[in-house]
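Let the sequences and hints guide you as you build the complete structure.
Per the numbering used here, residue 34 is the first one in the sequence shown, and the count goes up by one each step.
No lab work stands behind these hints, which were simulated from the structure alone.
Here the structure is a predicted model, which means the values were calculated and not measured.
Fair warning: there could be bad hints in the mix.
[Unchecked claim] The list that follows gives simulated cross-link-like pairs (lysine-lysine, DSS-like), each with its CA atoms no further than 27 angstroms apart:
id, residue 1, residue 2
1, 323, 169
2, 231, 169
3, 193, 78
[As the list claims (entries may be wrong)] For each label pair, taking beta carbons as the anchor points, the in silico distance ranges come out as:
id, residue 1, residue 2, range
4, 170, 225, 24 to 34 angstroms
5, 235, 196, 31 to 41 angstroms
6, 220, 81, 38 to 48 angstroms
7, 87, 269, 35 to 45 angstroms
8, 196, 86, 32 to 42 angstroms
9, 225, 313, 31 to 41 angstroms
10, 146, 232, 28 to 38 angstroms
11, 133, 297, 23 to 33 angstroms
12, 119, 286, 36 to 46 angstroms
13, 290, 56, 36 to 46 angstroms
14, 196, 80, 28 to 38 angstroms
15, 100, 198, 21 to 31 angstroms
16, 320, 198, 34 to 44 angstroms
Don't be surprised by glycine CBs; every beta carbon is placed ideally from N, CA and C.
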Amino acid sequence: MAISVKLIRMQLSLLKHTQKACDFAANRVAQDKIGLLMARTHGSKVSYSTQVFKDFIGRWIVPKANTQPGVLLYLHGGGYVAGNIDYAKGFGTILAAKNGIRVFCAAYRLAPENRFPSAVLDALEAYEYLLAYGYKAKDIILCGESAGGGLIYALVHKLKALSLPLPGGLIAISPWTDLTLSGESIETIGDRDASLSKDCLAYYAHLYTDDPENPLASPLFGDLTGFPPSLIYAGGCEILLDDSVRMHKKLRESGCKSSLYVARNMWHAYVLYGVKPSPQNHLQIGSFIKDVTR
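Rendered as structure tokens:
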């Protein structure tokens, strides 16, 4: 089932309207609707099961055509204040169906009810669950969009600090890596962004943490030495573009493997919506998974 670009843009405009009002409760409702919409596109190609943790819910998404080794640990976006398991299920379904790989979604605790570092601790628990489940670290690929894209890098910082084995690879889709909002694209792209606004991001960052320069909140500011290979995607028309560009540059300068793809005129997290050029991106993601897990 295809979703039209027009319908996606309409949903994104509704999401941006709630963001401009800095109403995170309304944003949660709007974002969850997007997740349900996305799950409809490939729901018949996967099966689901739920894993309950003490503080959050996880969900397995298993493609009927399971052709790839390993597992994706998917951490959803939403500015750390939005996104439940249904939202995660939506994009997790696309990742599983498009790439033929098992996906485990972790609906980590949200701010302001649960502030930093709750999301990091829940991501860590989900990762340790996969290790206990029997996966080798090299066969686990972290994937996330927006705040979830930043969270996968924060999780690696945490794993390094605990001397735990690192995942095989990182797939970051429009990652939010700098909660201080110091990237130039915040100002230069501005209102041309279809879904995000600077004021809203600043508000969400404030709800999440009082320490935005902490590498576990803004992984761009940490030591990236030894990080696994990264595959990073960004839209050319999103205010968080420089979060991806600077993360890629710093990874390369730190001796890490990193590939960055910027799609001209595309919006925030466009890869997960199934519009051009995302089909080509999913082929790249599939090749990346094979490379890092073999």
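These are the hints, each one checked on the structure:
Under the criterion of a C-alpha separation no larger than 27 angstroms, the hint pairing residue 323 with residue 169 is consistent with the structure, at around 15 angstroms. About 39 angstroms separates the Cα atoms of residue 231 and residue 169, which puts this hinted pair outside 27 angstroms; it is violated. Distance hint between residue 193 and residue 78 is unfulfilled; the C-alpha atoms sit about 36 angstroms from each other, more than 27 angstroms. Our hint of 24 to 34 angstroms for residue 170 and residue 225 is violated, since their Cβ atoms are close to 40 angstroms apart.
Taking 31 to 41 angstroms as the suggested C-beta distance range, the pair residue 235 and residue 196 conforms, at roughly 35 angstroms. For the pair residue 220 and residue 81, the supplied restraint of 38 to 48 angstroms holds, since their beta-carbon distance comes to about 42 angstroms. Judged by the Cβ atoms, the range 35 to 45 angstroms given for residue 87 and residue 269 holds: they are separated by roughly 41 angstroms. Against the hinted window of 32 to 42 angstroms, the Cβ-Cβ separation of residue 196 and residue 86 comes to about 23 angstroms, which falls outside the hint.
Judged by the Cβ atoms, the range 31 to 41 angstroms given for residue 225 and residue 313 is violated: they are separated by roughly 23 angstroms. In this structure the hint that residue 146 and residue 232 lie 28 to 38 angstroms apart at CB is violated, the actual value being about 22 angstroms. For the hinted restraint 23 to 33 angstroms between residue 133 and residue 297, the CB-CB distance of approximately 28 angstroms keeps it satisfied. A beta carbon spacing of about 39 angstroms between residue 119 and residue 286 agrees with the range 36 to 46 angstroms that was offered as a hint.
Checked against the hint of 36 to 46 angstroms, the pair residue 290 and residue 56 passes, with Cβ atoms roughly 40 angstroms apart. A C-beta distance of roughly 36 angstroms is found between residue 196 and residue 80, which places it inside the suggested range of 28 to 38 angstroms. Remark: the range hint 21 to 31 angstroms for residue 100 to residue 198 is upheld by a beta-carbon distance near 25 angstroms. As the Cβ distance of residue 320 to residue 198 is approximately 23 angstroms, the hint placing it in 34 to 44 angstroms is violated.
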